[in-house]
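Participant: Protein chains in written order, with this note's numbering: chain A, 1 to 250; chain B, 251 to 532.
If you're looking for bench data, these hints aren't it; they were derived computationally from the structure. Note that the structure is a prediction, hence the values are computed from the model and not measured. Be careful, since some hints might not be right.
[What the hints assert, rightly or not] PhoX-like, lysine-lysine: derived pairs with alpha carbons at most 25 Å apart:
id : chain 1 : residue 1 : chain 2 : residue 2
1  : A       : Lys249    : B       : Lys418
2  : B       : Lys332    : B       : Lys418
3  : B       : Lys349    : A       : Lys81
4  : B       : Lys332    : A       : Lys172
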Amino acid sequence: MSIKVATKYQISEYIKSIKIFYLVIVLVMVLFGTLTIFNSSSSFTSTGGIEGSAMIFLFILGLNSFKETFLMMLQNGTTRKSMFIGRLITILVTSAFMAVVDRFVVNVGGLINTINENYYLNGMYEMIFQSRVKSLHIVVMNLEAIIITIGVYAAAMVAGYFITTAYYRMSKMLKIVVSIGVPTSLMILLPVLDSTLFGGKVSVALGRFFGFVFGGKTGNPYNLLISCILFSIVGIGLSWLLIRKAVEKN
Amino acid sequence: MSIEIKNISKNFGNTCALDGVSINFEENRIYGLLGRNGAGKTTLLNIITNRIFADKGEVLVDGIPSMENDQALGKIYMMGEKNFYPETMKIIEIFRWSKEFYPSFDMDYANKLADIFELNLNKNVKSLSTGYNSIFKVIIALSVNTPYVLLDEPVLGLDANHRDVFYKLLIEKYSNSPATFIISTHLIEEVSNVIEDVIIIKKGKIIRNESREELMSAGYTVSGMASLVDEYIKGKEVIGTDSIGGLKSAYIMGQVFRNDVPEGLEITKMDLQKLFVQLTNA
């Protein structure tokens, strides 16, 4: 009962944001579609843009998914465990829903392309796994793309959720240290150390690692899926460790 | 059927908020949880409702440990001083979600109370005044129909009229469908006519846990001409006095022996607030 209501509540929190997101997507598609029709010199090209936007959107959604919900659950006699299970179901349902909708949008974009060459809309899956796309039946390809996208979306949401739970548990001082320390280390310290001490070998190794993890290098989408699943499992585990002892700090 | 608190301790850094607290909140009683600022009242209520964790001890709700237990927590509703509802949510939506989380929530009754308090259900939480912030939570607390209702400063920001309405509604609710109400408040004088049992908490320890009648019988009030009162109270444990013109009231600890009371003095019950001040001052 509690898990059911906790899930229902957490899904309801997302509905408005998702509606706005797709309203913007549709408006952009219609606007640029109309422009390409009335102005033959203009064109609209989006390769992986829909899924890329959705990933950022879901990451931000994840970032905004803890404090308010946590307090609401505490107010309504729901345990952290039920809230957390509800959140995982919400993440899965949201990811699956958006993956299906985005695939539909990409296919609609493909159809428009057949009648209007200036309008080119392609999916993230097609962008990363170009060679594989040609070898698969269109139905299989779409199903595979949906499954991979669900994994990617869920990982984005889990990442946002983990960050927000970590920040909730941190003291003010630790928040400042992490907020300054992490970006500084990644954007400034690491490149400087890499170029001065390691002759750029760290960047090359990281590039190879991410190429393998995301499957772009191997052309295997399941590398990406497994990476996303592993990333999500770690994120979920760490989030739970943070949530199970979280207390109201209102 | 009760909320059983067993040897609960809680520290915040070096501050001891609760120190080995053990109490039993019996079913269908109205408790007054009284204590000075920082005595540990809210901490205790927060531990009961799983909002924070105790360092030691446990809370049982009808025999079930309440920590991270949906079944036990579903039997309790806490109206907190602080707001835990989303600030942008409309009151009507909060009522709807209350019904989802607490199926016994009486929506019709909540709407009726909203009419009585003239609460606009289409307003969101952040647009409400302090008083109405308390009112919407009071309405939920009175409509939720859980066996245990915890009220932390329920009349915070309410004007005298609304406070009066609240106390009347609380008694009416208690008469019609009894439940355990635990009221934590600073307005002792007002709540003294509503509560049946008094729990006084001081520096994290329970110093009194008895019925209001028992507690009130610990002392008495003597009133009359100031000179007569002054004469009478000599050698007695006086915990406070009030004077108006030539009249005086004195609050005295101990038993009254009616035969010793001189003509012209009136003996009445002890004032709970005076007693509270005395008990918690030292």
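Participant: Now, for every hint given, state plainly whether the structure supports it.
Facilitator: Tested hints:
1. Simply put, Lys249/A and Lys418/B have alpha-carbon atoms about 33 Å apart, too far for the 25 Å limit, and the pair is violated.
2. The suggested pairing of Lys332/B with Lys418/B holds, with an alpha-carbon distance near 24 Å, which does not exceed 25 Å.
3. A threshold of 25 Å between alpha carbons decides the hint, and for Lys349/B with Lys81/A the separation of about 21 Å falls inside it, so the pair holds.
4. About 21 Å separates the Cα atoms of Lys332/B and Lys172/A, which keeps this hinted pair within 25 Å; it holds.
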